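**Student:** Chain by chain, the residues run as shown.
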Amino acid sequence: MEKKPGNHLIYVQSLLSQENMPKVGIVDTTFSRINMGKIAIDELKKGSSIQIERYTVPGVKDLPVACKILIEEKGCDIVMALGMPGSQPIDKMCAHEASQGIIQAQLMTNIHIIEVFVHEDEGKDETELAWLMERRTREHARNVIKLLFNKEQLQREAGTGQRQGFADVGAIR
Amino acid sequence: MEKKPGNHLIYVQSLLSQENMPKVGIVDTTFSRINMGKIAIDELKKGSSIQIERYTVPGVKDLPVACKILIEEKGCDIVMALGMPGSQPIDKMCAHEASQGIIQAQLMTNIHIIEVFVHEDEGKDETELAWLMERRTREHARNVIKLLFNKEQLQREAGTGQRQGFADVGAIR
Amino acid sequence: MEKKPGNHLIYVQSLLSQENMPKVGIVDTTFSRINMGKIAIDELKKGSSIQIERYTVPGVKDLPVACKILIEEKGCDIVMALGMPGSQPIDKMCAHEASQGIIQAQLMTNIHIIEVFVHEDEGKDETELAWLMERRTREHARNVIKLLFNKEQLQREAGTGQRQGFADVGAIR
Amino acid sequence: MEKKPGNHLIYVQSLLSQENMPKVGIVDTTFSRINMGKIAIDELKKGSSIQIERYTVPGVKDLPVACKILIEEKGCDIVMALGMPGSQPIDKMCAHEASQGIIQAQLMTNIHIIEVFVHEDEGKDETELAWLMERRTREHARNVIKLLFNKEQLQREAGTGQRQGFADVGAIR
Amino acid sequence: MEKKPGNHLIYVQSLLSQENMPKVGIVDTTFSRINMGKIAIDELKKGSSIQIERYTVPGVKDLPVACKILIEEKGCDIVMALGMPGSQPIDKMCAHEASQGIIQAQLMTNIHIIEVFVHEDEGKDETELAWLMERRTREHARNVIKLLFNKEQLQREAGTGQRQGFADVGAIR
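Chains as they are written, first to last, in my numbering: chain A, 146 to 318; chain D, 146 to 318; chain H, 146 to 318; chain P, 146 to 318; chain E, 146 to 318.
Incorrect hints may have been included.
Since the list gives no way to pick one copy over another, a pair counts as held whenever it fits inside one copy or between any two copies.
In silico DSSO-like cross-links for lysine-lysine, where the CA-CA straight-line distance does not exceed 27 Å [said to hold, decoys possible]:
hint	residue 1	residue 2
1	Lys-219	Lys-191
2	Lys-237	Lys-183
3	Lys-219	Lys-183
4	Lys-296	Lys-269
5	Lys-183	Lys-269
6	Lys-237	Lys-191
7	Lys-291	Lys-219
8	Lys-190	Lys-168
9	Lys-190	Lys-237
10	Lys-168	Lys-237
11	Lys-183	Lys-168
12	Lys-168	Lys-269
Worth flagging that the hints you see were computed from the coordinates, not collected in a lab. Since this is a predicted model, take the numbers as computed values, not measurements.
Assemble the whole structure, with the sequences as input and the hints as a guide.
**Tutor:** Pasting the structure below:
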């Protein structure tokens, strides 16, 4: 882990002009109780030269087609699908259907869509839920940056028990 | 939220002639116990210049292909899929299969299909069920208008805990 | 409901020669305990000028591809998929998988496939089961006729709580 | 049922030369505890002139693509997908996923894939399990022959409560 | 089983130059607590002349599209999808969705993707979990080698109750 890829990364990015900078799609919902799209954009813009295409839809079941539209009609190189499924059984089913659609959209386009779902009952109260939603969104935004600019870093983290939101559990050995 | 986009919207719409007005598909069922299609059309026509293409099918499992036909053969720019799944386990499964098909139809066409399902057991009695079905249908019709004419409004509502039918839960912070 | 579309319908049908009469595909199974295909054909032929293409397969999981073959290789304009899933959990799963495939086949062809499934445990005994299977099949056959010749009638029935088999539950208001 | 189609069948088959004999794909697994592929081939070769293309994969989740490869790259006219899912909940889920894939493969190719799954817990002991696996495999092999050479026989059996493995339950009336 | 295919295999491989050696894709995750990709590569390289294309993604839901990218953009002849789903119900659902996507990716490409999933709760403690993950990965890597170079060996193992990880259960008869 001692090798620092940062300088190389900054050099490569400085060669990019606006029009060939990677474009990241951000899809979020009005159903969510936190502005996940805003948090994702804030994190993505820290030190990375990327273009952002944002699209807000009503709920998680509207995410798959919105992601596909951003990929095929707006030229996004990767998309984040941000949602907060509710806590009832019907909400769990909606999240499941949305996830299936998000995987299908990726297979139809060969483009990654990083799904960031925080279930409303994952936090023990509203404070923890808000904290978790922000943290998971930011950590997955950093995964997006790695997928765009630094796949080697992901490979170095293979099998290390990374988690997005709560603490990493780490490698077994 | 103080900015009013209404005037701009009306101006844009006045430029549209009949033939290039957006076309909204409305698919509903004979299984439903409320005429959801009629309610949706009533709400959509309030102040918006749109064309309507309506299609009634027997049940929710017939919705996906009907939506796809309206998109591909009738040129709809967006579709509402309106249904009232029953309260038995088999009905829940039918609704699940219908929802998967509706998401798939969207991915095959890159067109939004706004699913408005009210489960028969969501209301504590017939009165509440009827109230809920009308209200959810109307609120989703307004989402359709926003997706067609005013995506900026949806983005302003990102993360604000919007609900269709029962009261909004609001943002956490 | 006082308007009778019947005369108009008969007139239109009399203009049709054999080769451009609509073709209805009928797919049923050897697993079923009632000859659903025969019942469907009997009902469809009452007063309607249609061609029939029948295809019997072993079980419900064989229905999706059989329906698609009838559509794409036999030119069917609509198909009925008739099945009697068993009462065990594994049978419920088979029915679910079959239903997903039937929806997918419709999305791949833009043609309606009216699924008529009667679960073996829906009747309290064999007599009621047989009664239910016949009645649901006949009522869905009439839906097929409406989809082919009289979509306006379906629209008039929108939201009226129609059921196929047991009694209609009716509209709430 | 007194009509014997056998002589006609034998006559038709005698006209077939090796290269235009129907080709049946057989896919089975190393996970299964009985050599289902061998049994299927033995049954298929009784009195029918067909070509066999066999393909063994590790487990049931590998069946869908293997079936599709046999259809699209080996020219099979029909395929048998043979598997013995285990008895744990995770095994049931694997079987469900495999079944969905097998239905999807059929829809992508318009070719029947006859799924023969025997769950490890369907037999009360190993002896019954082995008996059931052999019998279900053989009975489905005969369905394959009917689908290839004698669809009329399947239609005659419509609604007669056929089962593969355990005893037929018969028609209700 | 006394026949040794090894010598023949080595001879065939010696004829292969670097550029037409089969290419195996390896996709694993940062979520896993063991470096499954490294283990798979170690096993694959034992005595086989193959090229490796590795790709690490955050979690199991990112596997399907990564596999498809390796097949369609990197020319892999087969892919291993390596993951360790967590022990919570939501993790089981993620694994299910990932598995559906992996099967779908295979059907879209006619290329095998060998899924190697070890659920975090399959081991009674971390030691057994680590042992199981390594062993299942290695055994499936050997299945990959058989699918590439020695399909006859798989056929010889048909119906012999092979397991990857825990002990084989063997044939019933």
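**Student:** Tell me the numbers of any earlier hints that the structure contravenes, in ascending order.
**Tutor:** The structure breaks hints 4, 6, 9, 10 and 12; every other hint is satisfied.
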